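Engineer: Please build the complete structure, drawing on both the sequences and the hints.
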Amino acid sequence: MSLDKDQVQHIAMLARLRLSDTEFAESVEKLSRIVAFVDQLKNAPTAGVVPMAHPVNEAQRLRADEVTEGDDRDRIQQNAVSVSDGLYLVPKVIE
Amino acid sequence: MTALHRRSLVELKSGLASGEFSSVELTETLLARIAGEGAGLNAFITVLADQALVAASAADDARAAGKAGVLNGLPIVHKDIFCMRDVRTTCGSRMLENFVAPYDATLVARLSAAGAVVLGKSNMDEFAMGSSNETSYFGPVRNPWDLERSPGGSSGGSAAAVAAGLVPAATGTDTGGSIRQPAALTNTVGLKPTYGRVSRYGMIAFASSLDQAGVITRSAADAALLLGVMAGFDERDSTSVDVPVPDYSDTLATPVKGLRIGIVRQHFDEGLESSCRSAVREALATLEAQGATLTEVDLPNLDYCVPTYYVVAPAECSSNLSRFDGVRFGYRAEDPRDLLDLYCRSRGEGFGAEVKRRIMTGTYVLSAGYYDAYYLQAQKVRQLIADDFARAFAEVDVIAGPTTPTPAFKLGDKTDDPITMYLNDIYTIGANLAGLPAMSLPCGMARQLPVGLHLVGPHWSEARLLQLAHQYQLQTDWHLATPEAYA
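As given, the protein sequences belong to chains A and B, one line each in that order. Quick note, the first sequence lines up with residues 0 to 94 if you use numbering that gives the first Met the number 0. Quick note, the second sequence lines up with residues 0 to 486 if you use numbering that gives the first Met the number 0.
Everything labelled a hint here was simulated from the structure, so no lab data went into it. Incorrect hints may have been included.
[Claimed, not checked] Quick list of simulated restraints, FRET-style, between CB atoms:
1. E25/A with S17/B: 50 to 60 Å
2. L473/B with E22/A: 26 to 36 Å
3. D70/A with E234/B: 11 to 21 Å
4. Q8/A with R235/B: 38 to 48 Å
[To be verified] Not everything, but these chain A residues come out facing chain B in the computed CB check (under 8 Å):
5. R17
6. S26
7. K29
8. S31
9. L40
10. P54
11. A58
12. R60
Source: prediction; values computed, not measured. We treat Cβ as the ideally placed atom computed from N, Cα and C, and that holds for glycine.
Structural biologist: This is the structure:
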């Protein structure tokens, strides 16, 4: 199955990716090839098979809901483009 | 006497212990190679010359004080996917071009605590998505065996650096073959441990149910030495498994007599280049002569490995990479109109083409109306593939075959068609889907280019893979072959 332009537009929006015109055209073509390639999975004999949940069959480990890390905010925020008083700044959302 | 840059970790360890040379001398020698003959390979994103010399000097002091760790003073390189405190960690992406990690990955911390000296951060495919190192924002790495060719990927910088004698060992990560394929194409040893064996804390995530950290070295004994330090439970990684870590170096000397090796017929069909086929067949004959037995085993769902991977891995990548939003860290687009524009342009400009392609593939297979047909179906097929391996391992101890269908290909040869590139990993992906340990080791030459022998074992059987590889290396000297320009 191949993807049309509207589908790729929709996927790019869901993924929050702005594509240039060239990238968009290339994505329609290459994503169609990828989807056509993975379509062969439909032929696999999976009736009654339970989907894999974990590659080595481990249960999800849980821990007590307690603070274990120290306060490293200032160091971490050195990687942010725009912060003020410990807050991350973004363009205004509500007028 | 072998030149320092050609010695193994095990040899360097004894040289340091006997006082033949210091860690500072060793570090200076390798830093000079990295800046000199190695520079044209583009194997490094960041060289940590000053920091390495400080660490080497500290290691020499520790030794003088009688406090030498297991890896005291030994040089290594980290793939630039591992966070290292106060060091730029890019993951090969414009998105993280200026990201300075605020903490150490567990693997980095463990190796440093054992005394290892980090020479730098190696080049890689962007976010580890690629099989040729051509998706790196920092340019492709070149293969020391032929500069026109790719060293493979995504751990291509690590593999090229080890092959060219810029460093004896490097860390890597393997989601579908990203340690083993570059190891095969550069004549190095690459080990991907069992899923959950080595902590992924501080390793930038690509596909969390497949990613595993490992090593690239020039000998199986060196891989055993490093794995012993890296492996083990870490409460900071929720998928880390609490299984005891054996002494991997201890069992290397055990002969392979009686070991049952499984051969998969489809691994040797027309998809495999004939020159590679003969090299792998010869390696199997050598192991048979050493007392191992060869048995044919069947993996009936083998053909589904690559398509299964290209549903599961992109799905997980689309989820993992949603954290890069231009707000808290990473690239932010100039003058965003509004918040949505900030997200879309930061991600559109910060990610390269292959990463965007995989995010979109993953978004599609997880989207409403397609989830059952693609993602759920792929997880079912993945279980079938894991079951195939489990059945095979009831009959054999190890499965052996080729690592890659061809030797190193030319840069630019496979960039037009994603499917052609994806099929590079046809023999390696199964181990990731089933969480199995696997390794590649040098086993011959085809068209004057290295060929890799691929070994896969049951969960937690790293010691057996390393033993088999070491015994093979006692009998052969393919792993000592060196690219002429870097001898």
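Engineer: The structure should be examined with respect to each hint, and the outcome stated for every one.
Structural biologist: Cross-check of the supplied hints:
Distance hint for E25/A and S17/B: a CB-CB separation of about 58 Å, consistent with the stated range 50 to 60 Å. A hinted range of 26 to 36 Å is violated for the C-beta pair L473/B and E22/A, which are about 52 Å apart. At roughly 20 Å, the beta carbons of D70/A and E234/B sit within the given window of 11 to 21 Å. The hinted range of 38 to 48 Å is satisfied by Q8/A and R235/B, whose Cβ atoms lie roughly 40 Å apart.
A least Cβ separation of about 3 Å between R17/A and chain B falls short of the 8 Å threshold, and the interface hint therefore holds. About 6 Å separates the beta-carbon of S26/A from the nearest beta-carbon of chain B, less than 8 Å, and the hint is met. Annotation: K29/A was flagged as interfacial toward chain B, and the flag holds, the nearest CB pair being 6 Å apart, inside 8 Å. Restraint check, S31/A versus chain B: the minimum CB separation of about 11 Å is more than 8 Å; hint violated.
Residue-level restraint check for L40/A holds (minimum Cβ-Cβ distance to chain B is 5 Å; threshold 8 Å). Checking P54/A against chain B by beta carbon gives a least distance of about 3 Å; that is within 8 Å, so the hint holds. For A58/A, the suggested interface contact is broken, since its CB lies about 11 Å from the closest CB of chain B, more than 8 Å. Taken as an interface hint, R60/A checks out: its beta carbon lies about 6 Å from the nearest beta carbon of chain B, inside 8 Å.
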